[in-house]
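K.L.:
Residue numbers for the sequence shown, in my numbering: 77 to 530.
Because the hints were derived from the structure by calculation, they are not lab data. Just to be clear, a hint being listed does not mean it is correct.
Derived SDA-like pairs (lysine to any residue); straight-line CA-CA distance at most 25 Å [said to hold, decoys possible]:
hint	residue 1	residue 2
1	529	281
2	317	263
3	317	360
4	213	306
5	298	495
6	317	359
7	298	509
Pair ranges (Cβ atoms, derived) [to be verified]:
hint	residue 1	residue 2	range
8	337	523	20 to 28 Å
9	254	129	26 to 34 Å
10	365	254	15 to 23 Å
This structure is a prediction, so every number in the text was calculated from the model and none was measured. Ideal Cβ placement from N, Cα and C applies to all residues, glycine included.
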Amino acid sequence: MIELIPLLMFVVVCLALMLGYPVAFTLAGTALLFAGAGIMGGVFDPTALTALPNRLFGTMNNITLMAVPLFVMMGVMLEKSRIAEELLENMAALFGSLRGGLSISVVLVGMLLAASTGIVGATVVTMGLMSLPTMLKRGYDPKLATGVICATGTLGQIIPPSIALVLLGDILSSAYQRSQLSRGVYAPETMSVGDLFIGALVPGVILVLLYVGYVFVYAQLKPQAAPAMPKQAINLAKLGKGLLPPVVLIMVVLGSILAGVATPTEAAAIGALGATLLAAVRGQLSRQRLSEVADGTVKVTCMVFMILMGAAVFSIVFRGFGGEELIHHWFATMPGGVMAATLVVMVVIFLLGFILDFIEITFVVVPIVAPILLNMGVDPIWLGIMIAVNLQTSFLTPPFGFALFYLRGVAPESVHTSDIYRGVIPFVVIQLLLLLALACYPELATWLPTIMKN
């Protein structure tokens, strides 16, 4: 029974989170309670906890994680200064005269907004408040309107440069080095956050194109569900002013990483500064707005790092009870080898996505399972992209997907919950098809990073 203590720890954490307790304190508190009970019962070595100060100090000194507050600031600044709202208005003016053009605009703007934040809740709520009333007013079917908004809100899991990929890339980088050292490779290959960004480009673009293609075909088959907006004269000067600067900013941030000119942290600093300058040039940078941006950035950053600290405590105690060896034994004896083990991990992560946010899963689950899968020969970039798309699908799947709850909270009463659920199903199918394509053709994720390295 003692060997099942790590599994019991995990179950207790999930139950406590479902009851609504704060994530960071739940992780740390549960781990310390189990450690205390284990010490008194003589089944846990207290010296394992001596590694905690070094873990926390290493986290605070992690250069890669310094990109988190900077990317958050960039996204919050674009939102608070109404740059994102103007971007949607100009994109709608560009595509609105097409059937389904407003939905296509939402997909493209949602892609850019997701790339700058990577936080599902923030993107869904922002797009819901900005675009849903307009789409309903223009006669769009509520199912299509809500489905598009929920789906684009989850794009931050896969579209670089988002903080979701920064956090996932940092965890996988450490796990990859640890797995190589455990196999006796003392000159290990490295995998950086930038590599994960590059690997996410092709799947991300494919997903956006599939979204746009579905909306376009839907609008042709059911024109009354996605009517075209009245044609209006396009002011090219206004369009360029509202459309180009934020697009160029995101391209510069991502391009500097892909070109190897800047690290993700340096690129995040460029993005935060660029977003601030854009707001200043547009006359949107008042003292109050700057205070709101700083407040929002600090809140999100504190949440991320507190969860990371709680996860560090949990992982140390989990390993102290032999949890990593237990999971490794299960995977090693599982029929089907590496493919079966990967499938089990993906199913578990998908189900956990109903009750845990991507930050908790990245900090708690990925450090446990990733080293084992990497030891079995799984490519780290492919694994990272699979986890990101898998979580994105989980957050969108009825009846428990986070994105659905976020949109329900800001949608008008005229939009029924059943409309939201039915609207996202085609997008869930699209994402499942992408997962299947990635499983059958890993080159979709690994080809571009290999080319860039060479």
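K.L.:
Determine for every hint whether it applies to the structure shown.
P.N.:
Quick rundown of the hints versus the structure:
1. 529 / 281: holds, 20 Å
2. 317 / 263: violated, 50 Å
3. 317 / 360: holds, 14 Å
4. 213 / 306: With Cα atoms ~13 Å apart, residue 213 and residue 306 stay inside 25 Å; holds.
5. 298 / 495: holds, 16 Å
6. 317 / 359: Cα-Cα ~13 Å, so holds.
7. 298 / 509: holds, 23 Å
8. 337 / 523: 20 to 28 Å: The hinted range 20 to 28 Å holds for residue 337 and residue 523, with Cβ atoms some 22 Å apart.
9. 254 / 129: 26 to 34 Å: violated, 20 Å
10. 365 / 254: 15 to 23 Å: About 43 Å separates the Cβ atoms of residue 365 and residue 254, which means 15 to 23 Å is violated.
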